[in-house]
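Chemist: Residues per chain are reported as follows:
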Amino acid sequence: MNQAGAPVRRPLLFAMHNQQLIPDLYRKEYSKMVAVLCSRFGLGFMETAEDIVGDTFLSAAETWGQKGLPAQPVAWLYTVAKNKALNDLKHRQLFNTRIKGDLIHAGAQSMETDIDLSPQNITDSQLQMIFAVCHPSIPPEGQVCLALRILCGFSVDEIARALLTTRGNINKRLFRAKERYRSGNVTIRFPDEADLASRLDTVLVTLYLLFNEGYYSAGSDEILRKDLCLEAMRLVYMLTEHGPTSLPRVYALLALMCFQASRFEARVGPGGDLVLYENQDSSLWDRELINRGNGFFVRASAAGDRSRYHLEAAIAWWHTQQGDTLEKWENILRLYNQLLVIEYSPMAALNRAYAYARVYGNEKAIAEAEGLQLSGNLFYHSLLGELYTGIDGGAAIRHLEKALTLAGAPPERCVLTAKLAALKQSSGQ
Amino acid sequence: MKEFVLIFRTENNPDFKPTPAQMQDMMTSWSNWMGGIAARDRLVSGGSRLGIKESRTVGPDNMVSDGPYTEIKEFINGYIIVRSNTVDEAVEMAKGCPILHGRGKVEVRPVVTADNFE
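Protein chains in written order, with the numbering used here: chain A, 1 to 429; chain B, 1 to 118.
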């Protein structure tokens, strides 16, 4: 098409389009491009790969701005990145030969290294990369940062905002995590059948952590947090699409994420304040996500595999049920009992105590909750504040005040302050 | 912390024929009791239930007999392992065991380790 003869409307459309085009492409393609390059040249190549891909996007911004969009922007990006990678390699080889004074030519063939850009290879590379990022030798917080950077294409700034920390901190975590790659301790490949189960567990733990960072990190950028959750879901979905990792527990985790994410809109009030579960407008719950979660949960219930994700998905399913029936809370309590027997966590213990209160009343639940001995935990004190309300106003106020000293995020503080004010008013203080 | 095994001993009671609602209650009590211990991070192992059918006792000279004879005396029907600072704490945990609501007992026994062999 003749650019000069383009209709008048085109530049405007183009400009509107372009505003989100590069960020969208970056988010979607960055991780794939890095994965393909690392899969081809090894994890030691990761930093170079990141530079090359970053460079490619820079070229795109310049070239497309000047000459207009190519017919197939994605294909353009891949071709340019591939050429840059091959060039980089050629320079290195030349450099190596000169330095070493090696006169024997390794042969033209090593120069002709190609990079496979087939959809199959892109998918395979991404899967290998998931396992390389979620590697047991890398500490969990490093895995989460790497996942956000390498698997999801988040910028260091975005990661810092999402995890409520500084750029410097994120860079440090990334650097430390990548040390494992530089030292060659971790290789990029799909795990052997014998290791798959345990390696997959690490992957699922990290992806669940990623999801929870998005779901629970109150106070950080709302859109970014949702992105985090969606990215975690995308990665789990990818695992379900791949034969060896398409296992019931993976479907269970995906179902769990769908059920949780269905309340994303309902959890946040108009002013960015946190809306607790019991006060949520259930018409805001995302029915479509719940339905998709149901579908995944059915697949999770296939024979065999039973995991903590099954129990957590079942708990999350009961939370998608409207209304406050005894049956609902009895089931949630039973499931928390089972979950804790499999694996202790303070959060599960506190949630169990809450469910216990819904079934047996606050008075009995206080003994259960106090037995947890989680003094100093924000949720422990806010739960006890809640349970003591209407039973012992003084104790309720003490616990809520303690919780307030532990709460960092404004939305959490808001909820506590409101409860405290109501309590003090009713007790005439 | 030390580990203690809570051993459930019970007697066979042919007259005990719980209704479905009672069975549901039993299940709930067990679930809450175990969940309560686990929620305090004191559960080491959820243990096992031990069956009666297909049980045998092997004696000296490989004498094999049926049993334990559930008709005659109490028998072990399961166990869990908990973590606690003292035997008294473990006893407190055992006090909530639903087996006590029937005619059962809970035996609390320390796990013998290299540094705890009394």
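There's no promise every hint is true.
Chain B is faced by these chain A residues, among others (derived, beta-carbon under 8 Å) [stated by the list, open to error]: (1) L196; (2) L200; (3) N331; (4) R334; (5) Y344; (6) Y354; (7) R358; (8) G361; (9) I366; (10) E368.
These aren't lab readings, by the way, just hints derived from the structure by calculation.
All values derive from a computational prediction rather than experimental measurement.
Beta carbons are placed, not taken as given, at the ideal position from N, Cα and C, and that holds for glycine.
Chemist: Work down the list of hints and note, for each, if the structure agrees.
Modeler: Going through the hints against the structure:
At a threshold of 8 Å, the smallest CB-CB gap from A:L196 to chain B is about 26 Å, leaving the interface hint violated. Checking A:L200 against chain B by beta carbon gives a least distance of about 24 Å; that is not within 8 Å, so the hint is violated. Because the closest C-beta pair between A:N331 and chain B is about 11 Å apart, greater than 8 Å, the hint is violated. Hint status for A:R334: holds, given a least beta-carbon distance of 5 Å to chain B, under 8 Å.
At its closest, the beta carbon of A:Y344 sits 5 Å from a beta carbon of chain B; the interface hint therefore holds under the 8 Å criterion. Here the hint on A:Y354 is broken, as its CB sits about 11 Å from the closest CB of chain B, past 8 Å. Checking A:R358 against chain B by beta carbon gives a least distance of about 13 Å; that is not within 8 Å, so the hint is violated. Using the Cβ-Cβ criterion of 8 Å, the hint placing A:G361 at the interface with chain B is not satisfied: the shortest such distance is roughly 14 Å.
Among the interface hints, the one on A:I366 is violated; its C-beta lies about 13 Å from the nearest C-beta in chain B, farther than the 8 Å criterion. A cut of 8 Å between beta carbons decides the hint on A:E368: the least distance to chain B is about 6 Å, and the hint holds.
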